[in-house]
Each structure stands twice: as structure tokens, then as C-alpha cells.
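Using my numbering, read the sequence shown as starting at 13 and increasing by one per residue.
Honestly, the hints are just simulated from the structure, not real lab data. Warning: the hint list may mix true and false statements.
The calculated lysine to any residue pairs, modelled on SDA-like cross-linking and capped at a C-alpha distance of 25 Å, are [unchecked claim]:
| id | residue 1 | residue 2 |
| --- | --- | --- |
| 1 | Lys63 | Leu92 |
| 2 | Lys63 | Phe108 |
| 3 | Lys63 | Ala100 |
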Amino acid sequence: MSARSISIALLFALLAPAFAGERDRVAVIVHRERRAELSSEDVAQIYLRRKRFWEDGAPIVPLNLPSSTRLRERFSQIVLGRNERHLAEYWNRQYFLGILPPATLASTESVRRYVASDPNAIGYVPDSEVDGTVRVVLRLE
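Use the sequences and the hints to build the structure in full.
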């Protein structure tokens, strides 16, 4: 193996964690015209359906990914501090109070498109999928 090959392999080994971290970041997104500032706690309250209206009185439309996706598992653990089993129990209790869980969309692309088209929606996608059609209100490691 040449010195150049070793240098390239070493460079990739050093940069891989940085790229992996960037790929794994979760972006919480809203419509590009919505100017709300949200903390992690605000987002948790929205996704637990304890905060249901934007500051202008419009209903908040939180969007989830399917429970089997890695991104949803990470989001639930980071923001809500709960795994999917605990969330299922929570939603079973909330259902009897007339409170339904956030809507579930099939893909991150559908979440981004929905948020881009509905000023009341909020969702989460990989940071790498954010474009100019939405606004990031929170980034999660």
C-alpha cells in the first residue's frame, strides 16, 4: 500500500464521524413563513398534544413518521424522552380523553412537502433534506 493510499484512508477515517453526525442530525421544520421560535420543550409539548395552537390561534398540525423508522425513534427519544412502547401506552390513555396522536406520513419527503404547503404544520426530517421550502426551528443531535 502506498503512502498516498494510507493518507487517503486516514483522511476518510477522520472525516467519517463528522459526516455521520451531519447525516444523523434531525431538523424540526415549519412552513417557511411561520416565525415561531421553539425550544425542545415546546416541540415536546406539541408532539404530546399539550400545546395545540400557534401564537396566532391557528391549530398546530404535528406530523410523524411511521413508528418503525429510525428517525422517529431518535426524535421520540431526544425530544419526548420516551421510546415507542411508552408512547403507545401514552396515546392509548389520551385516546380516551379524545386526544389523537399526530398524523403519520409515509416518508420524510412527504413530511417536508406537507409542511411546505401548510402554514400550520410542523414535522421533522434529516437535516440533509432541508431545502428553501421550509424553515428549521430546531436542530437535534
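Item to check | Indices of hints not satisfied (ascending) | outcome: No hint contradicted; all consistent.
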